[in-house]
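Asker: Spelled out from the first residue to the last, the chains are:
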Amino acid sequence: DAGVTQSPTHLIKTRGQQVTLRCSPKSGHDTVSWYQQALGQGPQFIFQYYEEEERQRGNFPDRFSGHQFPNYSSELNVNALLLGDSALYLCASSLGQPGTQYFGPGTRLTVL
Amino acid sequence: GNSVTQMEGPVTLSEEAFLTINCTYTATGYPSLFWYVQYPGEGLQLLLKATKADDKGSNKGFEATYRKETTSFHLEKGSVQVSDSAVYFCALRGSSNTGKLIFGQGTTLQVKP
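Chains as they are written, first to last, in my numbering: chain A, 1 to 112; chain B, 113 to 225.
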């Protein structure tokens, strides 16, 4: 039973660039949530996708956008990167709403 | 708004010691409560959960009881092992919420042989 997978594992970008992170949910799950975890902090909710629509959004600027595909996989896009966007980005999947969320290993983004 | 507060870390214990990590929450209604664990360099793993008052979640020797009267969900384990060294996060999902998890700041546990 494949768990939640994320790619890439690590990413280094410079300020002002754009980045796309990818997530494949656990088999059988249809809902994907994204979180940002700064060093030494708890994860912060970015948004959640269900049925290819953004259903809920946390307190993040419009530079953060996402997409969910018909196979339930998802992308997180961040435009105009800032140094403060450096963090571990976690994807979590669940079945339906609300469902228990299972997390992937994360993508470590470093902005220089 | 909803929030979660965890005890400050790090918590340092000797192997086979008793563990308690305190977690209290603020929320309206009846949230669901979770404990997640994060090992170095990894994502979060669900450790246990409770969805209504007085429920006890348990897994791998860890336990936590949903106490609505004290708005708490303390994590306990009777005998810790070196392999339990990790960061532990308490989280809640609001009763009217479609899925957003609100996390505490995390508590680092170090277990020494």
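No wet-lab data here; the hints were simulated from the structure. This structure is a prediction, so every number in the text was calculated from the model and none was measured. Watch out, some of these pointers could steer you wrong.
[Claimed, not checked] Just the calculated beta-carbon pair ranges, DEER-fashion: (1) B:Q157 <-> A:K13: 21 to 31 Å; (2) B:Q157 <-> A:P8: 13 to 23 Å; (3) A:Q97 <-> B:R179: 19 to 29 Å; (4) B:E181 <-> A:F69: 24 to 34 Å.
Note that CB positions come from ideal geometry on N, CA and C, so glycine has one too.
Asker: Please go over all the hints and tell whether each is borne out by the structure.
Answerer: Tested hints:
In this structure the hint that Q157 of chain B and K13 of chain A lie 21 to 31 Å apart at CB holds, the actual value being about 28 Å. Take Q157 of chain B and P8 of chain A: their Cβ atoms lie about 21 Å apart, and the range 13 to 23 Å holds. Restraint check, Q97 of chain A to R179 of chain B: a C-beta distance of roughly 26 Å satisfies the suggested window 19 to 29 Å. Distance hint check: the CB atoms of E181 of chain B and F69 of chain A are about 45 Å apart, inconsistent with the given range 24 to 34 Å.
Hint violations for this structure: number 4 only, all remaining hints satisfied.
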